[in-house]
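Colleague: Please arrange chains A, H and C with the ligands on chain G, whose structure you already have, making use of the hints.
As a plain string of letters, each chain reads:
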Amino acid sequence: MTEMKLITGKDAIRDALIEEMRRDKTVFLLGEDLEQATFGVTDGLLEEFGAERVRNTPISENAIVGAAIGAALTGMRPVAEIMFADFLMDAMDPIVNTMAKARFMTGGQAKIPMVIRTPSGAGLSAGAQHSQSPEALFMHIPGIKIAVPSTPYDMKGLLKTAIRIDDPVLFFEHKMLYYEGGEVPVGDYTIPFGKADVKRKGKDVTIVAVLAMVKKAMMAADILANEGIEVEIVDPMTLNPLDMETIINSVKKTKRLLTVEEGARTGGIGAEIAARVAEDALDYLDAPVKRLGGSDTPIPFSPVLEEAMYPTEDTIANAVKQMLG
Amino acid sequence: MTEMKLITGKDAIRDALIEEMRRDKTVFLLGEDLEQATFGVTDGLLEEFGAERVRNTPISENAIVGAAIGAALTGMRPVAEIMFADFLMDAMDPIVNTMAKARFMTGGQAKIPMVIRTPSGAGLSAGAQHSQSPEALFMHIPGIKIAVPSTPYDMKGLLKTAIRIDDPVLFFEHKMLYYEGGEVPVGDYTIPFGKADVKRKGKDVTIVAVLAMVKKAMMAADILANEGIEVEIVDPMTLNPLDMETIINSVKKTKRLLTVEEGARTGGIGAEIAARVAEDALDYLDAPVKRLGGSDTPIPFSPVLEEAMYPTEDTIANAVKQMLG
Amino acid sequence: MEKSFLLGLYETMFRIRTFEEEVKRQFEDGNIPGFIHLASGQEAVSAGACAAINKDDYIGSTHRGHANLIAKGGRTDRMMAELFARETGYCKGRGGCLHITDMSVGSLGANGIVAAGIIVTNGAALSSKLLKNKKVTLSFFGDGATNQGKFHEAMNLASLWSLPIVFICENNLYGEATPQAKHMKTKDIAVRAKAYDMPGIVVDGQDVLKVYEVMTDAVKMARDGKGPSLIEAKTYRFHGHHIGDPETYRTREEVEEWMEKRDPIKLFKAKLLKDFKVSGSEIDPIETKILKEIENAVRFASESPAPDPATLTQNVYA
Amino acid sequence: MEKSFLLGLYETMFRIRTFEEEVKRQFEDGNIPGFIHLASGQEAVSAGACAAINKDDYIGSTHRGHANLIAKGGRTDRMMAELFARETGYCKGRGGCLHITDMSVGSLGANGIVAAGIIVTNGAALSSKLLKNKKVTLSFFGDGATNQGKFHEAMNLASLWSLPIVFICENNLYGEATPQAKHMKTKDIAVRAKAYDMPGIVVDGQDVLKVYEVMTDAVKMARDGKGPSLIEAKTYRFHGHHIGDPETYRTREEVEEWMEKRDPIKLFKAKLLKDFKVSGSEIDPIETKILKEIENAVRFASESPAPDPATLTQNVYA
Ligand SMILES: Cc1ncc(C[n+]2csc(CCOP(=O)(O)OP(=O)(O)O)c2C)c(N)n1
Ligand SMILES: Cc1ncc(C[n+]2csc(CCOP(=O)(O)OP(=O)(O)O)c2C)c(N)n1
Ligand SMILES: [Mg+2]
Ligand SMILES: [Mg+2]
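Sequences listed follow chains G, A, H and C, in order.
Residues 173 to 497 in the numbering used here are what the first sequence spells out, letter by letter.
Residues 173 to 497 in the numbering used here are what the second sequence spells out, letter by letter.
Residues 83 to 400 in the numbering used here are what the third sequence spells out, letter by letter.
Residues 83 to 400 in the numbering used here are what the fourth sequence spells out, letter by letter.
One chain only, chain G, in its complex shape:
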C-alpha cells in the first residue's frame, strides 16, 4: 500500500510543480508576482529553480499567455499563472483564437503543450472582479482541455498530467481549496483526464459537482444520510474531456440528476450535462433534472450577499429532497 501524507491544496499544486520541474528541464513557470505569490503557491520555487525557470512578469496577461504559446510551439512546456481566473478575460484572445486553434489551423503542424493555472472562485469578499468561476465558458471553445480538481489528491495528480500531455490545458484551482487538507501519496502519480471520479456511492440521486462544490455536496450527503437518503456524487475531474459515460451510468442507476456549480447557473457546466442526459438518458429519468449554481448576478462584495448567492449543503440537501418528494 502506498504511503500517504496529509497536505493542503496549495502544497499539492506546489509539489506537482516542483516534481515536474525536477523531472523535465523544459518545464518552466511564468506569471505575475511568482516570487511573493498572492496565494503562496510558488513561494520558494525561485530559490530552487532560479529566475530563468521561475519568471516574474509585468502585469501583461496577453504577453504572458502569448509567450507561453510561443515557447510551447518551440520545445518548452510552460506553466503560466494568471493571478485570478477573472483576469483570463484579459487574455481571452490568445487563449481562444491562438492557443485553442493553432494545431487545427496549421493542419496539425503546431503542438502546444502548455498549462494555464489560475485560482477561481469566491469566498474572500473579493468582489465582482476577483471571485469568478468562468470554467464553463471554456467548454464552448474546442481545443482547450479543462481540469477542475476538488481535492489535494486530484490537484496534484491532474496537474502532473496537464503538464505532461501535448494539448493546452486550463487548470482551475479554487481559492478555498488551497487551504483544505487531504491525503496524497508520497512520490509520483498521475490522474488521467476524461475519467470522472465517484466521490460517494449512492442509489437515490446523482449529484454532479465540481471544485469547491464537491465538498458542499459531500456535506449535504451526510445530512441526507441521516434521513436515509443515499446520494451518489460524481466529480467529472475534467470538463474537457467530459466523462459523460460515468455520469449517465450513475443516472441510469439513480434515475435523478442534480448538478451543482459555483459559476453562474445560466449557461453553466450543469447546462451541458443536463442537456446530454436529456438527449442520451431521458427515459431513465424519474424526476426533472435540477441545476444549482451561482445566482445570475455579478458577485457582491458584501459577505452576507456573497453567501446568499451560492449553493450550500442545505440548499443542496433540500433540492435532493424535492427531487425525491
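These are computed hints drawn from the structure, not numbers from a lab.
Treat the numbers as computed from the prediction; the structure is a model and nothing was measured.
Keep in mind that a hint or two might mislead.
Taking lysine to aspartate or glutamate pairs in the DMTMM-like style, the calculated list, with each CA pair at most 20 Å apart, reads [claimed, not checked]:
id, chain 1, residue 1, chain 2, residue 2
1, A, 493, G, 219
2, C, 276, H, 279
3, G, 424, A, 207
4, C, 264, H, 279
5, C, 214, G, 196
6, H, 267, G, 458
7, G, 283, C, 279
8, A, 427, G, 224
9, C, 269, H, 295
10, C, 267, A, 224
11, C, 216, G, 455
12, A, 283, G, 468
13, H, 264, G, 219
14, G, 375, G, 402
15, H, 351, H, 295
16, H, 267, C, 279
17, G, 493, A, 455
18, C, 267, A, 207
19, G, 283, A, 468
20, G, 427, A, 455
21, H, 214, A, 224
22, H, 264, G, 215
23, G, 493, A, 192
24, A, 424, G, 458
25, C, 264, A, 207
26, G, 425, G, 452
Modeller: For chains A, H and C with the ligands alone, kept in the frame of chain G given last:
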C-alpha cells in the same frame, strides 16, 4: 395596414442606425474602418452625421469598448462596432468585467446604455479566426443583454430597441444575413427584448433556432411538410432575456424539442434551453431532446470542410424524422 | 496663493491619511472584509490633482482608490460604510474597496482590473468633447498598469482624438510585489508619452504644490482642446500592497526613510508654517475636525445595516 | 557582397511578386476562396530581413504573410495548394491565406488577429534563450498592429527580458482603409521603441540592401544577447487590403507613383545592372525559372484533392 418595403439585412441595420442617430443626438458610432466598412453597413453615414458621430478608431478593441462604456456612463448612447465577432475576445475584459458589472458593483449608480454590434458566423471561408459564433458565451455573463436577429425585420426592430434601452447590449449580425432580403415596415418601429417569435406554427416538433439557422430550419420545415410533418419554429430573438415561456409552451404542445445553432454544440445555446426544458417540462417530452450545432472543432478554411461542420436543412429534417420515428 | 486654498489642500491630505489609517485599524479589528489597498503616502498626488479641476469634472480610479475619491469630494462616512459592507455605503456594500465610487461627485468608478479604468476614462472625455461641456477627465493609474495593453490603446486613442483628459501615473515604485526595475526597463514612465506624441512630465508626487502646478497646466491644455498629457508623479505607498502584505520585496529601512523624510503631509505642514506663515493654531482645528469626522464615519458605518440577502439580484439590469 | 547572394535576394523578391500576382489571377478566376491579403510592393522587407537570419531561426507572420513565408523558405506549390484549400496545402487546407505556415522552415504561423502573432514570437525567443540554442526570432507586423495592446505588452516584455528577437513593422502606410495619420499621431513608429528603452530604427523598405543591412545589425544584437530592436520599414502595398478592396481611401495616382518610382524589384534590378555589374543574361534565367515554378505550383494545387469531410475533426487535440 403599414406600408412595407423589401430590404437586405445590411440595410435594415443601416436604416436603424440612421433613424436612431437622427432621433437622438447622443447616439454615435465608433469602430474600425466605419468609413469603408468591411460589410458596408456604415458606408455613407459619415457624410450625413460627420466625423464627430461616426468615429473611425485605431485597431484597438479594448479602447473601443472602454470608450463606449465611459461615454455611456456620462450621458451618451454609443454604438460600437467590433469588425468581426471573433475580435470580441480581444475586448473580453471590458465587456465581462466592466460593462456587464458596473451597474451592480456601484449599487446601481452606473447606467450603461450602449450597444456593441458585431458580425458573426461562417460561410465566407474566412477561417478559424473570422467565422465564429460566440453568442452562447455571453449567456453565462450576467449583466449583458444579447440580440440574435434572423431577418431584416428583426434586425431593424431589435437594434432600435437595443439603442434605446438603458442596459449594455451585444448585438449579433450574421454575415450571411446581411445580403438576405426581407419585408420591413416603412418608418419607425421597435421589437421588445425577451419575446420569442414563432416563425412557423406546427404541432409535431418544436425547433428553436437562431440567426442564420432560422432560415435553414424554415427550409427543413418545407421539406418535412411535404412528408406531412409540421414543425413549429421558435426564434428566441434575444438570448438574454430568454423567453422560455414561449419555448416551453411550444414543447408542451409538440412534446419534442430540437435546438439548432451555428456555434459549437458543446456548451452552446441549445445546452441551456435543453436543460431548462429538462427541468421545467420534462414530463411533457415524448422523445429525447436533440441539439444540432457546429462541430466541436475550430472552423476550417476549406469550403467543403466548413460546409460539413454546420447543420443544414437536410440534417435538420433528418433529426426531426428521427425524433418522430 | 490664498491661505484658505492652501489649508484646503492640507485638509484633504490629512483627511485621506486619517481615513486610511483608520481603515487599517478597522480591518485589523475584523470590521472590514476583503482586500484593502491603502494610499497612505500618496496623498499629495490625489489632493494636488483634484485641486486643479472642477466639481463637475470627472476622475477615473483604481483598486487603490480611497485617496482619489476623497480628494474629488467623496464623503468619508459613506466610504467607511462601503468598506464595512453596509447598505448605506456608496455602492450599497456591493463594491467594497476595489470598486468604491460616488458618481455624483464625478468619480466614474474604481476598477479592480489593472488599467481597465484607463480605457473607460477616455469615454468620459469623449462625451465631454461631443457634448461640448468643457469638462475634463483625470485618469489615475499605477506604474504597473502602464505595462498593460489597455494603457497603450487608451493613450494612443486619446492623443489621436485629442481628448480632454489628463493621465496621472501614481508611480509608487512597485506593482504589487514587483519593483519597477523588474517590470519595465524604462526609468521614467513619462517617456512613454513620446509613443503618442503627447507631453510627458515627471513631478515629485510628495510635493502637493508641485503636483497642483503641473496639473493646472495639463488640465488647461485639455480643457482648451489642446489634447491630453501624461503626468508621472513619483510617490510611495507607506503600507503593503494590501493589508496583510508580507512585503518581502522591500526593506523596513526603505519604508521608514520615506515615512520620515518624504511624508507629503509632514513636508507640506512644514512648508505652511515656514514659507506661508501659517500658524499652528490655524492647522489644529482642521486636524481636530477631521479626527472627529472619521470617528463619526466609523460610527455611521458600524451602526448601518448589512444588505438584505433578498436584494441580491437588484441592479443587474436597469 | 557576393553576386550569388545578390541574385538570391532578387530571386526571392521575384518569387514573391510572381506568386502574389498569380494568386490574384487565381482568386479572380474563382479558384481561391476566402479573404486574400497580398504583399506585392513589400517584397524587399521580407527578402532583406530573412536574408539576415539562418534557416533554423524563427519568424512570426500576419494575415499578409505570403511574402514572409516565401522569404523564409516556404515552397510555393504547398502554399498555392493551401490557398486552393487542398489537402496537399501546408495546413491541409484548414488555414488558408490568413494562417498559412510551414513550421519546418521556422515559421511559427500567420496569425489573423492583428498583433496576436507578436506576443507569440516572444515565446519562441524565450525558448531560444532558455535552451541556449542561439536562435533569433523575427516578428513581422503592420503599422496598424502597433496600436494594439498586445504590441505594447510584447515590446515591454521583450526589452525587460532582453529576448533574442527583432520586431519588424512593415509600415505600408495604411491599416485596412485607414491611413497612418488617422490611426496614430506619431509620424515614425520607430519612436515607440523609446517607451521600452529599445533601439528603434527607420529604414527604406523598398531598398532590399538597406533592409538587409539594418537587419543584420539588429539580428547580431539579438543573437549576442544584447536585446531586441524595433525596425520600421516604410513600404507600400500595391494592391488593396484584400483582393476586392474598393480602395476609396487612396488615389489611383498615389498607387501608380509607387509602382513606377518605388517598386523594390525594379529598383534592385536597376541597381544590380548598374552598380553591381550584373548582366541581364544572369537575371533572365532566374525569372524564367520562377515563372515555371509558379506555373507548376498552380498545376500542383489544382490537381490536388480537397480535404475529405470525414477528416473534419482531426488535429483539434494531440
Ligand atoms: C489585469 C490584472 N492583472 C493583475 C491584477 C492583480 N493586481 C492588482 S493590483 C496589482 C498591482 C498594480 O500595480 P500598480 O499599477 O503599480 O498600482 P499600485 O498597486 O502600485 O497602486 C496587481 C498585479 C489585476 N487586478 N488586474
Ligand atoms: C484584433 C483585430 N482587429 C481587427 C482586425 C481586422 N483587420 C485585419 S487586417 C487589418 C489591418 C491591419 O493593418 P496593418 O497592421 O497595418 O497590416 P496591413 O494589413 O497593412 O499589412 C484589420 C483592421 C483583425 N484581424 N484583428
Ligand atoms: Mg505601483
Ligand atoms: Mg499597414
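Colleague: Please go over all the hints and tell whether each is borne out by the structure.
Modeller: Outcome of the hint check:
For the given pair, residue 493 of chain A sits about 65 Å from residue 219 of chain G by alpha-carbon distance, which is inconsistent with the 20 Å threshold. Among the hinted pairs, residue 276 of chain C with residue 279 of chain H is consistent with the structure: their alpha-carbon atoms are about 12 Å apart, no more than 20 Å. Straight-line distance between C-alpha atoms of residue 424 of chain G and residue 207 of chain A comes to about 59 Å, which puts the hinted pair past the 20 Å bound. Note on residue 264 of chain C and residue 279 of chain H: the hinted pairing holds, with a Cα-Cα distance of about 14 Å set against a maximum of 20 Å.
Distance hint between residue 214 of chain C and residue 196 of chain G is fulfilled; the C-alpha atoms sit about 16 Å from each other, no more than 20 Å. Using a Cα cut-off of 20 Å, the hinted pair residue 267 of chain H and residue 458 of chain G is violated, with the two alpha carbons roughly 65 Å apart. Among the hinted pairs, residue 283 of chain G with residue 279 of chain C is inconsistent with the structure: their alpha-carbon atoms are about 34 Å apart, more than 20 Å. For a cut-off of 20 Å, the pair hint linking residue 427 of chain A to residue 224 of chain G is broken: about 62 Å separates their Cα positions.
In summary, the hint linking residue 269 of chain C to residue 295 of chain H is not supported, as the alpha carbons are separated by about 30 Å, beyond the 20 Å threshold. At roughly 17 Å between alpha-carbon atoms, residue 267 of chain C and residue 224 of chain A fall within 20 Å of each other, so this suggested pair holds. For the proposed pair residue 216 of chain C and residue 455 of chain G, the alpha carbon gap of about 63 Å is over 20 Å, so the pair is violated. A threshold of 20 Å between alpha carbons decides the hint, and for residue 283 of chain A with residue 468 of chain G the separation of about 19 Å falls inside it, so the pair holds.
A distance of roughly 17 Å separates the Cα atoms of residue 264 of chain H and residue 219 of chain G; the hinted pair therefore holds under the 20 Å criterion. For a cut-off of 20 Å, the pair hint linking residue 375 of chain G to residue 402 of chain G stands: about 6 Å separates their Cα positions. With a CA separation close to 18 Å, the supplied pair residue 351 of chain H and residue 295 of chain H stays within the 20 Å bound. Taken as a hint, the residue 267 of chain H and residue 279 of chain C pair is honoured in the structure, with Cα atoms around 6 Å apart against an allowance of 20 Å.
Our distance criterion of 20 Å between C-alpha atoms is met by residue 493 of chain G and residue 455 of chain A, whose separation comes to about 19 Å. In summary, the hint linking residue 267 of chain C to residue 207 of chain A is supported, as the alpha carbons are separated by about 19 Å, within the 20 Å threshold. The straight-line distance between the Cα atoms of residue 283 of chain G and residue 468 of chain A is roughly 19 Å, inside the 20 Å bound, and the hint therefore holds. As the CA atoms of residue 427 of chain G and residue 455 of chain A are separated by approximately 14 Å, the hinted pair is consistent with the 20 Å bound.
Note on residue 214 of chain H and residue 224 of chain A: the hinted pairing holds, with a Cα-Cα distance of about 11 Å set against a maximum of 20 Å. In summary, the hint linking residue 264 of chain H to residue 215 of chain G is supported, as the alpha carbons are separated by about 17 Å, within the 20 Å threshold. Among the hinted pairs, residue 493 of chain G with residue 192 of chain A is inconsistent with the structure: their alpha-carbon atoms are about 52 Å apart, more than 20 Å. Proximity of residue 424 of chain A to residue 458 of chain G is assessed by CA-CA distance (about 18 Å); at most 20 Å being required, the pair is judged to hold.
Pair hint residue 264 of chain C plus residue 207 of chain A holds up; C-alpha atoms about 12 Å apart against a cutoff of 20 Å. Distance hint between residue 425 of chain G and residue 452 of chain G is fulfilled; the C-alpha atoms sit about 14 Å from each other, no more than 20 Å.
Comparing the model with each earlier hint shows violations of hints 1, 3, 6, 7, 8, 9, 11, 23; every other hint is respected.
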